[in-house]
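A.B. asks: Below, each chain spelled out in residue letters.
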Amino acid sequence: MMPAAGRVEGWRDDWWRRRRTRELALIACFLLPSITVFFLYRVLPLGWNVLLSFQYWSPLRPARWAGLDHYEEMLLHDDVFWQALQNTLIFIGVSPLAILFALGIALLVNSDLKGAAIYRSIIFLSYPLMTVAVGIIWRWMYDERGGIINFVLRESGLASKPIPFLQSFEWALPSVIVAEVWQILGFYMIIILTGLQSIPPHLYEAAAIDGAPRWAQFWRITLPMLKPSLFLCAVVGILNSFTSFDLVYIMTNGGPGHATELLITLIYKSGFGQTKFDYAAALTVVQFALLLALTYLANRAVGGNAGTLQR
Amino acid sequence: MISRRTLVKSGAGTIAAAALGMPAIAQAPKKISFLTWNIIDQEPMIRGWIARFMKDRPGVEVEWLDKKGPEIPVFYQTQLAAGTPPDVINTQGALGLEYAGQGALLDLTPRLNAEADVRTRFNADYLSNWVYEGSNYMLPFYITKTLLFYNKPMFQKAGLAGPPQSFDEILASAQKLTASDASGFLTLNFDWLYWPLYAMNGVDLLSKDLTKATFNTPKAIEVTERLAKATEAGAINKISWTGRWVEPNGAFAAGNVGMLHAHSPAYFFVKGQGKWVTPETLGVAHAPGGFATPNSHGLGISKASKNPDLAWDFLKFVTNEGAQELGVNRKLVTGNVGVDARNLAELEKNDPLVHAILKTQLEHTDKMVGNWRLGNDSRVKEAFWPELQNVLLGRKDAKTALADAERKVARELKRG
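Protein sequences, first through last, are from chains A and B.
End of the first sequence sits at 311 in our numbering; the numbers just go up one at a time, nothing left out.
End of the second sequence sits at 1416 in our numbering; the numbers just go up one at a time, nothing left out.
Looking at chain A on its own, in the form it has when it is part of the complex:
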């Protein structure tokens, strides 16, 4: 026969186990809808997309196994893929520069500058604008005949003839990038500004007492403390570079030639313009792999623990 103390302990263990099971069941119930939606709308399509990339498929034809044909086509024969990849990487490469620019602006509007709040609002205003509207506005500003940019350049004597910003191979991509940076700059600035304002002032006070110069305070306090904000900006910048479909579609539709083609516009054109859904699926797999790799690198760059819970 079990002694009384042992019985109590066994009963207590059972109680804790039952309670733990109930808790887990409750957690599972709460998570289930989200997990179901995530599985149905993310994991399943992604899996199907990967499968599709190894098949010949169109809406009305039965799928046939293609093996690596689409990947071979993409890597060995499709110049447009390489152009689109290069443009996408340039788009991504510009993100750090835009973040640096936003950091400078955030430092300025965080200082005692007169009218800083007004500048802050003006810079942020571009972010909530619809991307389609931004594309149309910039397209008209760049217009060769009636655009304000060409007007100013010609009136000020900086250009003798109109510059076909969106119609030339040389200017088209930089012009789209400028519009892209203009729109997202406000977002970067607000994120960095929030980071700046959450740095405890006593750190600067202590550094000042120790005689640290301003640049040292920036390198040793500001930048390290801004790491999470900068990481967020970098990730959003990368994602934004991959999904700048609407801006490119409105401003240049990937042209002239394929001078502003991005992977995302190429995927759309292949799928819906040329009914090559199978090939578009292969392009999507490459884009996804690239996105994963870049996010991993960005995470590593900030110490490998971005996004972990701080207890």
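Just so you know, the hints here were simulated from the structure itself, not pulled from any lab data.
Everything hinted at is true.
Output of the computed footprint for chain B on chain A, the stretches with three or more beta carbons under 8 Å from beta carbons of chain B:
#: 1; segment: 54–65
#: 2; segment: 256–264
#: 3; segment: 270–276
Pairs of lysine-lysine residues, derived as BS3-like cross-links and limited to a Cα-Cα distance of at most 27 Å, are as follows:
#: 4; chain 1: B; residue 1: K1275; chain 2: A; residue 2: K161
#: 5; chain 1: B; residue 1: K1157; chain 2: A; residue 2: K161
#: 6; chain 1: B; residue 1: K1349; chain 2: B; residue 2: K1152
#: 7; chain 1: B; residue 1: K1396; chain 2: A; residue 2: K161
#: 8; chain 1: B; residue 1: K1152; chain 2: B; residue 2: K1176
#: 9; chain 1: B; residue 1: K1176; chain 2: A; residue 2: K161
#: 10; chain 1: B; residue 1: K1414; chain 2: B; residue 2: K1208
#: 11; chain 1: B; residue 1: K1157; chain 2: B; residue 2: K1176
#: 12; chain 1: B; residue 1: K1030; chain 2: B; residue 2: K1067
#: 13; chain 1: B; residue 1: K1349; chain 2: B; residue 2: K1271
#: 14; chain 1: B; residue 1: K1271; chain 2: B; residue 2: K1331
#: 15; chain 1: B; residue 1: K1306; chain 2: B; residue 2: K1055
#: 16; chain 1: B; residue 1: K1229; chain 2: B; residue 2: K1176
#: 17; chain 1: B; residue 1: K1367; chain 2: B; residue 2: K1208
#: 18; chain 1: A; residue 1: K161; chain 2: B; residue 2: K1229
What you are looking at is a predicted structure, and each value in this text was computed from that prediction instead of being measured.
Built from N, CA and C at the ideal position, the CB exists for glycine as well.
Given chain A, put chain B in place with the hints provided.
C.D. replies: Okay, now just chain B, sitting in the frame of chain A:
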């Protein structure tokens, strides 16, 4: 707890309700859907067609959907994938052939053979634009092809007597019309609309059996080089090779471009924006040699339609009873020979300029080019056009670009 009596009552009630509902299900109307391409402005007319069609056919229902141009392929293909495509579909250009090539459209040939009066209703050249591998998949809804618009005051100022009669004259006239703020020539470029410039030089894109690329010839290289040089010199406006619809038409409407090579609907855009446009100032002509690229709207039936006979009835109704109203309302030609003759006769009295424009659409219909009956036209276009753009905008030499284009086009043709 439910008693046995209540349970039996509920069961009996359910069975009775189901039995009463069955005739209603059996009498559910036959329904077809009608997808149009960006003609929402004609809503009262289309609703009127549907009402008249349904009135004569009790128990029939027609649902109308309209989508803008870029949305149509996305919408239709997702509907195809879901197995619920609209019964009757309106497409522009070669898209209908692409869908036919995919097996999405119903072959209308047996129906056209069985009803000779329907076949003879249409201009045969336009009707043949939707023949894919020997079968006809669409009927003309409204038809267009390219022509040459020209700015008469600019021509007079440049000392030009009239529109050019050859490719050489196009370039020479364009050069004469060019000034610091004016250019001589503009063309629309989408859907092969620029192809008459090559056709008038005897260059063809593909072999007759559509299996080989035939454009990489010394003549094609020469034509391309001349176009590139004229573009560099400003005689051909660069927008010709970069814009799509708004930009080139807008540039011509501004009044400082001598010629616009475009299809007939461009007139309404130009007229809307260009205050200078009057019957006295706007000239209308065929491109040299009478060559033109069609860019018409057709109507087809989805193969997955559950009511193909009803859809065919609707197609015949729209292209006959509906065509008259459409032609008058939108000032266009429909491809229905009788309807167009009546409408043009009216327009000659009421609107001579539109009459002159629409008349060109029914002339030289045997000289239509750039309308290869391919099931993968968009892929061939994508293989060819960017390379041509590279030359015309000064990025590559013609010889290299056409060789690259030939390789890419051959690859697409092989892919099928």
